[in-house]
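Q: Below, each chain spelled out in residue letters.
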Amino acid sequence: MVGRLQALWAYRTFVTSMVVRELRARYMGSLLGGLWALATPLMLILIYMLVFSEIMRGKVGARGEPLDYGLFLCTGILIWGYFSEVVTNCQSVFLEYSNLLKKMNFPRITLPVIVLATATFNFFLVAILFVVLLLIVGRFPGPAMISFLPLLTIQQGLAVGLGILLGTLHVFFRDVGQAWTVGLTLWFWLTPIVYHIEIIPEKYRALVALNPLTPLFVSYQNIVLEGAWPEWQTILYPAVVAVLILAIGLGVFLRLSGEMVDEL
Amino acid sequence: MSGTIRARELGKKYRQYSAPWRRLLEWCTWGAYQGHREMWALKGINFEIEEGEAVGIVGQNGAGKSTLLKLIVGTTQASEGSFEVTGEVSALLELGMGFHPEFTGQQNALMALQMTGLDEDSAQELLPEVAEFSELDEFLLQPFRTYSSGMQMRLAFAVATVRRPHVLIVDEALSVGDAYFQHKCIRRIRTFKELGTTMLFVSHDPAAVKTLCDRAILLDGGKLIQEGSAEAVLDYYNALIAQREKDASIEQRRLEKARFQTRSGDSAIKITEVDMADAAQRSVRSFTTGEPATIECSLIFNQPMEEYTVGIMIRDRLGNEVFGTNTMYLDLDTPRRGEGETLKVRFSLKLELGYGPYSLTVAVHSPLGHVERTHDWIDNALSFHILPKDAQRFAGVANLSVNAELDTSE
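If you're matching them up, the sequences are chains A and B in order. The opening position of the first sequence corresponds to residue 3 in this note's numbering, with each subsequent residue numbered one higher. The opening position of the second sequence corresponds to residue 3 in this note's numbering, with each subsequent residue numbered one higher.
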């Protein structure tokens, strides 16, 4: 494992170039280039803030401010996008780069890292956009924003661990790709993103609480809407799950990476 | 010392599952259920390659050449035995370096260089050298997908050899591209060799292996069956192929008549066997330019015949007629034969042909000038190879035995 980390460090410039290349590939040939990266999230944010806030006025948030639901929805969907991008791209990354893996010898662990870094860069742009809009509408939540960093780290640890696990298995079982698409939709609706955790009947709440993302998303929403610091004891569960999944993912990857190229 | 390769009882097996659920079941039962079939691509391989050696790897398709190269490059892992490669390996596997079709040649080159562990600045510094060697000029700024196969190979070769590696692996790369660039590549390979780079060379072109390699390894069915001087191994390999082709053609004749779809005639006389032999009367299917050979046709007469002609025609790989003759042109009076009797016609000739594959057409028909009757006509009765002789190489199919002299007087 230490050897792999050293190899990863040795290949850091390769990773950064690949990230730049990925980002460039996404917007290459278009007139506005990177601006398109911001167009979709901007549109989403505006629609949620302006339209949904009107429709769902006063359904979430303690104070019942007019933009509450819009902010609630934006927070959940933008962060969910970051999570799902990493898992989805990781679970197909080895197949996508099969041509490279078959012909060149380089540390394979760099590929999920490239996925994570690319997604993080995209999310960073979107997050800045969102913060700017929060400032414009005068709803910047204050110092509690800093707690996003540890929360997102735990979430993306889970995402990468799961991504590596699925990505490795995907090489051997092509069904993983299909299963993930179905699972992703289900997971989205099991996470309090469009609905508030409170609207779930008491007897089913334990079920939603099994989802390690639930405490994270509840915390995100509370930070943005109320400026409240997370209840750290609720974060323990997702943190443990993230470490566990990351360990399992890396373990399976280390065990099977040798055979991987034979199946590509 | 770097650039050495050592293999001890090296083996590589692939697991083949007839259905994905078999693998799942095997995994879920921790191997208690064995759902796979083992396919050993390589087994019990032992060899040592020293620094600065040039070694050809020879073998038919499926012999295990690609698997061996993948092991050396490190994209796949050995299943058993020990394997050790020292120094930096640069490889052109199956003509490519995993280039991305949407990116320009330059971006791809940069990426491939960084993939060898170089940082961006060092990789950038090497770009002019890549551009110069590949001679792709403004094409370097075009997407890789617009490249012809020759251009792809030029870029890949230029990138793989921009720095002198300890081990250079060239897999079939020289078979594409024009003669000018091939020579350029060979010059660079030779220079590297002199500087001490270990070379592994895979090619279907025996001449290229002979000229570039000191030593060769012959793989067959995943086993190393011969190792020695390039010359000796290739001769053995050619004999092996010739024997196989002969066996296969006999086999095919027995098994499927479809091979003789172009067989026609009234069967008054039938050709029962066609064979080709070298000067020592051994039945072979590969010859060198200028080698004497005999073509023997065995006939059986289904009705009494007095006048008939037996002919042969050699065609090149494109089906062009290269040379043909028959008993009438040769002023040979064919004897009268009764029903059930047989005859053998033996043509002796010198194969002054250019190298490549040829096929032989054999026919028995009525003499020209008579009412045209074909008794038996077999296209592609057998095929054979002409290998170049070291002494004199030439282009084309006809060896015109040229002498050239220089006149320096005004």
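For the record, the hints were derived by calculation from the structure and aren't laboratory data. Fair warning: there could be bad hints in the mix.
[As the list claims (entries may be wrong)] SDA-like, lysine to any residue: derived pairs with alpha carbons at most 25 Å apart:
| # | chain 1 | residue 1 | chain 2 | residue 2 |
| --- | --- | --- | --- | --- |
| 1 | B | Lys15 | A | Val263 |
| 2 | A | Lys104 | B | Gln109 |
| 3 | B | Lys15 | A | Glu265 |
| 4 | B | Lys45 | A | Ile130 |
| 5 | B | Lys15 | A | Leu209 |
| 6 | A | Lys104 | B | Gln108 |
| 7 | A | Lys104 | B | His38 |
| 8 | B | Lys195 | B | Glu354 |
| 9 | B | Lys391 | B | Glu354 |
| 10 | A | Lys104 | B | Glu122 |
| 11 | A | Lys104 | B | Ser84 |
| 12 | A | Lys104 | B | Glu354 |
| 13 | B | Lys225 | B | Leu197 |
| 14 | B | Lys45 | A | Ser259 |
| 15 | B | Lys15 | B | Ala34 |
| 16 | B | Lys212 | B | Leu389 |
| 17 | B | Lys45 | A | Glu261 |
| 18 | B | Lys15 | A | Glu56 |
| 19 | A | Lys104 | B | Phe105 |
| 20 | A | Lys104 | B | Ala34 |
| 21 | B | Lys272 | B | Thr344 |
| 22 | A | Lys104 | B | Thr344 |
| 23 | A | Lys104 | B | Pro103 |
[Unchecked claim] Restraint ranges, calculated between C-beta atoms of paired labels, are given here:
| # | chain 1 | residue 1 | chain 2 | residue 2 | range |
| --- | --- | --- | --- | --- | --- |
| 24 | A | Gln235 | B | Glu127 | 38 to 46 Å |
| 25 | B | Arg165 | A | Ala41 | 38 to 46 Å |
| 26 | A | Phe190 | B | Phe49 | 50 to 58 Å |
| 27 | B | His185 | A | Val22 | 57 to 65 Å |
| 28 | A | Asn101 | B | Arg190 | 57 to 65 Å |
Ideal Cβ positions, reconstructed from N, Cα and C, are used throughout, including at glycine.
Q: Each hint needs a verdict: does it hold in this structure or not?
A: To see whether the hints hold, each was checked on the structure:
Note on lysine 15 of chain B and valine 263 of chain A: the hinted pairing holds, with a Cα-Cα distance of about 13 Å set against a maximum of 25 Å. For the given pair, lysine 104 of chain A sits about 20 Å from glutamine 109 of chain B by alpha-carbon distance, which is consistent with the 25 Å threshold. For the proposed pair lysine 15 of chain B and glutamate 265 of chain A, the alpha carbon gap of about 12 Å is at most 25 Å, so the pair holds. The hinted pair formed by lysine 45 of chain B and isoleucine 130 of chain A fails the criterion: a straight-line CA distance of about 58 Å is larger than 25 Å.
About 46 Å separates the Cα atoms of lysine 15 of chain B and leucine 209 of chain A, which puts this hinted pair outside 25 Å; it is violated. Distance hint between lysine 104 of chain A and glutamine 108 of chain B is fulfilled; the C-alpha atoms sit about 21 Å from each other, no more than 25 Å. In summary, the hint linking lysine 104 of chain A to histidine 38 of chain B is supported, as the alpha carbons are separated by about 23 Å, within the 25 Å threshold. Taking the CA atoms of lysine 195 of chain B and glutamate 354 of chain B, the gap is near 35 Å; set against the 25 Å cutoff, the hint is violated.
Annotation: proposed proximity of lysine 391 of chain B to glutamate 354 of chain B holds, straight-line Cα distance about 11 Å (limit 25 Å). Pair hint lysine 104 of chain A plus glutamate 122 of chain B holds up; C-alpha atoms about 23 Å apart against a cutoff of 25 Å. As the CA atoms of lysine 104 of chain A and serine 84 of chain B are separated by approximately 21 Å, the hinted pair is consistent with the 25 Å bound. The suggested pairing of lysine 104 of chain A with glutamate 354 of chain B is violated, with an alpha-carbon distance near 44 Å, which exceeds 25 Å.
Between lysine 225 of chain B and leucine 197 of chain B the alpha-carbon distance is near 31 Å, which puts this suggested pair outside the 25 Å criterion. For the hint pairing lysine 45 of chain B with serine 259 of chain A, the CA-to-CA distance comes to about 22 Å; that is within 25 Å, so the pair holds. Under the criterion of a C-alpha separation no larger than 25 Å, the hint pairing lysine 15 of chain B with alanine 34 of chain B is consistent with the structure, at around 19 Å. Annotation: proposed proximity of lysine 212 of chain B to leucine 389 of chain B holds, straight-line Cα distance about 12 Å (limit 25 Å).
The hinted pair formed by lysine 45 of chain B and glutamate 261 of chain A meets the criterion: a straight-line CA distance of about 17 Å does not exceed 25 Å. Among the hinted pairs, lysine 15 of chain B with glutamate 56 of chain A is inconsistent with the structure: their alpha-carbon atoms are about 64 Å apart, more than 25 Å. Of the supplied pair hints, the one linking lysine 104 of chain A and phenylalanine 105 of chain B holds, its CA atoms being roughly 19 Å apart against a limit of 25 Å. As the CA atoms of lysine 104 of chain A and alanine 34 of chain B are separated by approximately 31 Å, the hinted pair breaks the 25 Å bound.
In summary, the hint linking lysine 272 of chain B to threonine 344 of chain B is supported, as the alpha carbons are separated by about 9 Å, within the 25 Å threshold. Taking the CA atoms of lysine 104 of chain A and threonine 344 of chain B, the gap is near 58 Å; set against the 25 Å cutoff, the hint is violated. The hinted pair formed by lysine 104 of chain A and proline 103 of chain B meets the criterion: a straight-line CA distance of about 16 Å does not exceed 25 Å. Roughly 54 Å separates the CB atoms of glutamine 235 of chain A and glutamate 127 of chain B, a value that falls outside the hinted 38 to 46 Å.
Taking the beta carbon of each, arginine 165 of chain B and alanine 41 of chain A are about 43 Å apart, inside 38 to 46 Å as hinted. A hinted range of 50 to 58 Å for the beta carbons of phenylalanine 190 of chain A and phenylalanine 49 of chain B is consistent with their spacing of about 56 Å. Range check, histidine 185 of chain B to valine 22 of chain A: Cβ separation about 37 Å, and the 57 to 65 Å hint is violated. In this structure the supplied range 57 to 65 Å is violated for asparagine 101 of chain A paired with arginine 190 of chain B, their Cβ-Cβ distance being about 25 Å.
Checked against the numbered hints above, the structure breaks hints 4, 5, 8, 12, 13, 18, 20, 22, 24, 27, 28 and satisfies the rest.
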